[in-house]
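*Asks:* Protein chains in written order, with my numbering: chain A, 1 to 133; chain B, 1001 to 1326.
To be clear, the hints were calculated from the coordinates, so they are not data collected in a lab.
Remember, it's a predicted structure, so these values are computed and weren't measured experimentally.
Any given hint might turn out to be false.
Claimed, not checked - Think about it this way: if two alpha-carbon atoms lie no more than 30 Å apart in a straight line, the pair counts; the simulated BS3-like pairs of lysine-lysine are:
1) A:LYS122 - B:LYS1099
2) B:LYS1099 - B:LYS1167
3) A:LYS111 - B:LYS1161
Stated by the list, open to error - Which chain A residues stay away from chain B? Per the calculated CB distances, all over 12 Å, these:
4) ARG18
5) TRP38
6) THR45
7) HIS47
8) ALA57
9) LEU60
10) GLY66
11) ALA106
12) LYS111
13) ALA114
14) PRO131
Idealized CB from N, CA, C, for every residue including glycine.
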Amino acid sequence: MDIDAVPQEGNATLGGHRKAMYARDAEGRIVIAPSRGWEAEEIVTSHAVDTLQAQAAEALAQVRAGTASPLAYWMYVCRMDVALLSQTSGFWQWRVRRHLQPAHFARLSAKQLARYADALGKTVDQIRQVPTP
Amino acid sequence: MSFQHQHAAHCESGVISNLLRHHGVPMTESLAFGLSSALSFAYIPFVKISGLPLIAYRMPPKSIIKGLMAPLAARFRFETFRSADAGQQRLDGLLAAGKVVGLQTSVYWLPYFPPDMRFHFNAHNLLVYGKSGDEYLISDPVFEEPVRCASADLARARFAKGVLAPKGLLYFPEAIGRQDVSPAAVRKAILKTCRTMLAPVPIAGVRGMRMLANKVAKLPPADAHTTAFIGHIVRMQEEIGTGGAGFRFIYAAFLQEAATLAQMPQLTAFSDRLTTIGDTWRAFALKAARMVKGREAVDPAAIASKLRDLAALEEAFFRDLKAALP
Chain A
1 MDIDAVPQEG NATLGGHRKA MYARDAEGRI VIAPSRGWEA EEIVTSHAVD
51 TLQAQAAEAL AQVRAGTASP LAYWMYVCRM DVALLSQTSG FWQWRVRRHL
101 QPAHFARLSA KQLARYADAL GKTVDQIRQV PTP
Chain B
1001 MSFQHQHAAH CESGVISNLL RHHGVPMTES LAFGLSSALS FAYIPFVKIS
1051 GLPLIAYRMP PKSIIKGLMA PLAARFRFET FRSADAGQQR LDGLLAAGKV
1101 VGLQTSVYWL PYFPPDMRFH FNAHNLLVYG KSGDEYLISD PVFEEPVRCA
1151 SADLARARFA KGVLAPKGLL YFPEAIGRQD VSPAAVRKAI LKTCRTMLAP
1201 VPIAGVRGMR MLANKVAKLP PADAHTTAFI GHIVRMQEEI GTGGAGFRFI
1251 YAAFLQEAAT LAQMPQLTAF SDRLTTIGDT WRAFALKAAR MVKGREAVDP
1301 AAIASKLRDL AALEEAFFRD LKAALP
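This is chain B alone, in the form it adopts within the complex:
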């Protein structure tokens, strides 16, 4: 079967859904995202990216792929390599055997990315589905069309060093036990997301949002670092992994699918409610961006108060969602 590329909002959920569809599983990006309980929030002040704390709106890299193993009774093979040569040989061997292979790469070394998007982010996923001459045929889900990449560039991207170094990671399914998704798996996945968002730890879920709000409130308004910090919150929300609204819209799409799939019509209302929360995130991003651009005075207290509002909205949302599950 020839490979069908489909445009997606986020790399990991896009890669895994494209890969599963290639193997006959009717998987959408949003279903993959929801079923692996990938929605989250985390503020990790002790991990720094270019001097700014790690802020994530989803679970750590690889958790989407791993989270789908149990619901689909699937087994994937993951391989890392010591040398770029060994990694390339193995990739070529798998392609020659007709496999479609997932890779973890660094965005910075992929020449087909627009220059302004090329930051040192090491957990970008893509699929390789063939090779033509020295170029790999790549299905990068965040691009509308398949792309190509020279082998030397791809080797660099696969063996980039630093935080989350991919070490040439490649993966492909060895066995997929079931093609459909059970209502029980959907329920379990939603419960897990509720637990993550309401977790009793200070850096995760709605508590993480409040901790971030407290941190922002203390920043001095006139400092360049404050502007960079506020911009960073939005960049993590909008650009890295994309999805707008910090993945809230993808999860809303999942809840809509889950309502039909698991025969839980009550989820439709929750989907609408989360879409509204996503819109609130976008309003937050716009306000923050205007401050970064200097169209509005930088006001850390206002940003903090918006974050606290969002935390309150999401806390109520996930409490109600948990209560609405059978």
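Chain A with its partners taken away, still in its complex shape:
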């Protein structure tokens, strides 16, 4: 890539930051050039973020309908899935899946809730409920 081809398309996912890229200058030397971002990279990053947001929205609807526990919503808000929440909380995956059901979630002890809250970086009070519409 030549230095004048370094993309400056203002990738929104970079939040105004510039990233370093390697490109050839006029003398053919490869140098570091700051880039405002590239369309291709913005598309794939936003796609991944959108997928996570859609999952959180879906979980929120389920929590309100009473078919999922608040844990399902917070898991997706924190960009996690069952496998990752299992690793960070120390609960086995089958237990995490159970706790995504309202009935099982309601029976969690204060200590178990605290483990989830810690893994998600939230307080126990936060993860017991979901935002009201």
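Go by the hints and put chain B onto chain A.
*Replies:* What follows is chain B alone, placed relative to chain A:
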């Protein structure tokens, strides 16, 4: 000596080159990357990240730092901790002693990252060069300027759990045996990269690319998972660890430096050739992104065929590079 921050494309090579420069070694990011033979390709279907297979365009985390130990006759100290308190105390102690310390962290818990970039990736490297009140002064090489981070946030990022959990890892050099790089070390590093890229295992190097191509070719075009999979290939190439073109441009920069450093002028032509391959990777990424965005019909067969072309280009490149070394 006060610490000099320099913007870099990739966190690990950026951290180690900034750290080595602080200790008087004239090290650039690309030299650190090439000298540690960090360029690679791997498709690891049995390791999943959010349900998608691991695709890497470089060697695993920590291999850049470890790969530089032998060429520089250096010794680094690596420490991990059981508790966040112990980790923070040790960090504060080292900073008080005037050391610049490297850390492994999780991007998700670092508040100075833009929200859209905060995924659960546990192998992000950064340097801490001081503390002011409750805030650490951080040189994060993927940022243009030094940043600051509150101690509670940094503790979370250092002790994040999950795949590649950092366990509070910190590191700093104990001894650096030599300040310059020998031509023999350069040659050895290039040979190692050629071996990795041409390795006779199905998941690594150009064979890994072909295996990924075969996998993509079999995906059903209309499925949402297919779109996510194609997007994932590009995200691993462009964003995680950055560098555009899956690190091919950084390696091209290294080959250019190596041509002078090791008096191997034939490497200049290889640098140009790899830059062209990098441009081909970018064209691939753009095509894939257009499919993800819905501007083009999702066509797994076309993606697979582009990957096979890239595998063929890189196979020829590394065979020729190997043959051109003295």
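*Asks:* Evaluate each hint against the coordinates.
*Replies:* Taking the hints in turn, this is what the structure says about them:
A hinted pair counts as satisfied when its Cα atoms are at most 30 Å apart, and LYS122 (chain A) with LYS1099 (chain B) does not qualify at roughly 33 Å. Between LYS1099 (chain B) and LYS1167 (chain B) the alpha-carbon distance is near 20 Å, which keeps this suggested pair within the 30 Å criterion. Only pairs whose Cα atoms come within 30 Å are accepted, and LYS111 (chain A) paired with LYS1161 (chain B) is accepted, the gap being roughly 19 Å. Not every beta carbon of chain B lies more than 12 Å from that of ARG18 (chain A), the smallest distance being close to 6 Å; the non-interface claim is violated.
Remark: the non-interface label on TRP38 (chain A) conflicts with the geometry, its nearest Cβ contact in chain B lying 7 Å away (cut-off 12 Å). Non-interface status of THR45 (chain A) relative to chain B is broken: a Cβ of that chain comes within 12 Å, the nearest being about 6 Å off. A Cβ of chain B approaches the Cβ of HIS47 (chain A) within 12 Å, the least distance being about 5 Å, so the stated non-interface status is violated. Under the 12 Å C-beta cut-off, the non-interface status given to ALA57 (chain A) relative to chain B holds; the minimum distance is some 15 Å.
Remark: the non-interface label on LEU60 (chain A) is consistent with the geometry, its nearest Cβ contact in chain B lying 18 Å away (cut-off 12 Å). For GLY66 (chain A), the requirement that its beta carbon stay farther than 12 Å from each beta carbon of chain B is met, with the minimum near 26 Å. Under the 12 Å C-beta cut-off, the non-interface status given to ALA106 (chain A) relative to chain B holds; the minimum distance is some 26 Å. With a minimum CB-CB distance of about 18 Å to chain B, LYS111 (chain A) clears the 12 Å threshold, and the non-interface call stands.
Under the 12 Å C-beta cut-off, the non-interface status given to ALA114 (chain A) relative to chain B holds; the minimum distance is some 15 Å. Interface exclusion of PRO131 (chain A) from chain B stands, the closest Cβ pair being 17 Å apart, more than 12 Å.
Going through the hint list in order, the structure does not satisfy hints 1, 4, 5, 6 and 7.
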